[in-house]
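Each chain is listed here by its residues.
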Amino acid sequence: MARINADVRLCQGYANCVAAADDYFDIDDDGRVVLLHSDVPETDYSRVAQAAHSCPVSVLSVER
Amino acid sequence: MSSSTAGVVIVGASVAGVRTAQALRREGFDGRVVLLSDEAVMPYDKPPLSKGFLAGAAGPDQIALLTEVEADELGVEVRLNSRARRLHLAEHLVELDTGEHVAYHRLVVATGASARESTWPVSGVHVVRTMSDAQRLRADLERGGHLVVIGAGFVGSEVAATARMMGLQVTLVDPNTAPMTRIAGNQLGARFIRLHQDHGVDTRFGTSVLDVSRKYGRLHIDLSDGAALTADTCVVGIGAVPNDAWLASSGVRIDNGVLCDEYCRAIGNPDVYAVGDVARWHNPRRGLLTRHEHWTNAHEQANTVAHNIIHAQNLIAFAPIEYVWSDQYDWKIRIAGQIGVGTCDIVEVIGDEATERFAVLSSCDGASLSGIVAVNWPRALIAGRKALAHNMSYTDLRQAIEQLLSAMPTPVAMEGAK
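Here the protein sequences come in this chain order: R and X.
With our numbering as the guide, the letters of the first sequence map in order to residues 553 to 616.
With our numbering as the guide, the letters of the second sequence map in order to residues -5 to 412.
The shape of chain R in the complex, shown without the other chains:
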């Protein structure tokens, strides 16, 4: 099972991750990313890794 890591302090609220995978990512009222799940089953890996890579400030990573 892969796992999402987030360095929330760097988040600038671009919301690319939410646009790519809103079942894993949300953004709160302060504009910081919220992880809805941290564990990523293999069937979701490609989609969630792509969402993590879409972050312009590299807040997110998915460790396999």
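These aren't lab readings, by the way, just hints derived from the structure by calculation.
Glycine residues also receive a C-beta, built at the ideal position from the N, C-alpha and C atoms.
Hints may be right or wrong, so weigh each one.
[To be verified] The following label-pair restraints were derived from C-beta to C-beta distances:
id, chain 1, residue 1, chain 2, residue 2, range
1, R, Arg555, X, Gly200, 24 to 34 Å
2, R, Asp582, X, Thr61, 43 to 53 Å
3, X, Ser207, R, Ser613, 18 to 28 Å
4, R, Glu594, X, Ala348, 22 to 32 Å
5, R, Asp574, X, Val116, 44 to 54 Å
6, R, Glu594, X, Leu282, 13 to 23 Å
7, R, Arg555, X, Pro115, 32 to 42 Å
8, R, Arg555, X, Arg110, 37 to 47 Å
9, X, Ser207, R, Asp582, 40 to 50 Å
10, R, Glu594, X, Pro115, 52 to 62 Å
11, X, Asp205, R, Ser613, 45 to 55 Å
12, X, Arg137, R, Pro593, 33 to 43 Å
13, R, Glu594, X, Gly161, 30 to 40 Å
14, R, Arg555, X, Ser207, 58 to 68 Å
[Unchecked claim] To list a few chain R residues with every Cβ distance to chain X over 10 Å, as calculated:
id, residue
15, Val560
16, Asp575
17, Asp591
18, Thr595
19, Ser606
Knowing the structure of chain R, use the given hints to seat chain X on it.
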């Protein structure tokens, strides 16, 4: 030639090129991947060059796109100082400046765009496109004084904001009526002008520059309204031009970028793909040849190109919802879809423009949604991007955002976003 020996060669190492390499590996491509860069440093990210990097808040390590360690782990061969000068389509070879030839099975053109040069080749006049551009500009800004920014697009507006925050005196000049009109439309123009004015920028809109000269150690800028400015430093941000000239005699069709089909393959040459600022592709969402110069587009197009290289029998057309952003002062400006384009001139502001959190919705016909600008309001941005993705109606999104507004405790004035 088999893919295992020649593999994929990506020409250009900005976000489009790097993300293509990363996506190829993520999607399981196990052939060779070569990334050619014409720069001397490992790939870096460009948006910070007019913001945090220019201000000195972020250094080269913080804006790295792909480190040597990451490239090794991915199995991507990064070749620095390797500028492509010619393409030999029939032989499947890229010719470098050095005369060396690099063989490919599939080629990805990711050569990006260059800042349009000013017509005033005077020392102290800068453009901002590469890390070394930003380092040179930063050195001049650190000396303080008066900065004149010519062109109030995204780069010019951001440089003006950054320089003000560094304490310089700043004048912003543009022949258009307001900042960022090409992307953000005209409707927010007055508010964007006031944003700069509130931070002490001298704004000169509807005014063009006739001449820039250097006399007695200072820059002299003559404006079309008869005004004459003197400055210590000048930045010209008047757009970018695609780096496609190296393909001119190759047989690949170029016209303001590499002409591509909806799968991002060069028209007539399906072994050649283009991605990012240099790609002008048949955009099925707009029914037009489209070229975008924005980070999110480069990233998304890279994913599509990687998929299409691997899955030639299951091609995906590239039909993105446009998304761009700009960070200026304490404003986070986010724009999705199209705003005020052509006849799409139905525009409404939700929230109070006087506060620093509001959204602007745009429609062509009052029924369908064409775009949203969200300022310091991430929940409205998310609602708008989802609405655009799911073809939600203009009125439904307006209602959803009005609900978001009423759910907020009070209009949030002057919230420190940074």
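### Message
Taking the earlier hints as the rules, which of them does this structure contradict?
### Response
1, 2, 3, 4, 6, 7, 12, 13 and 19
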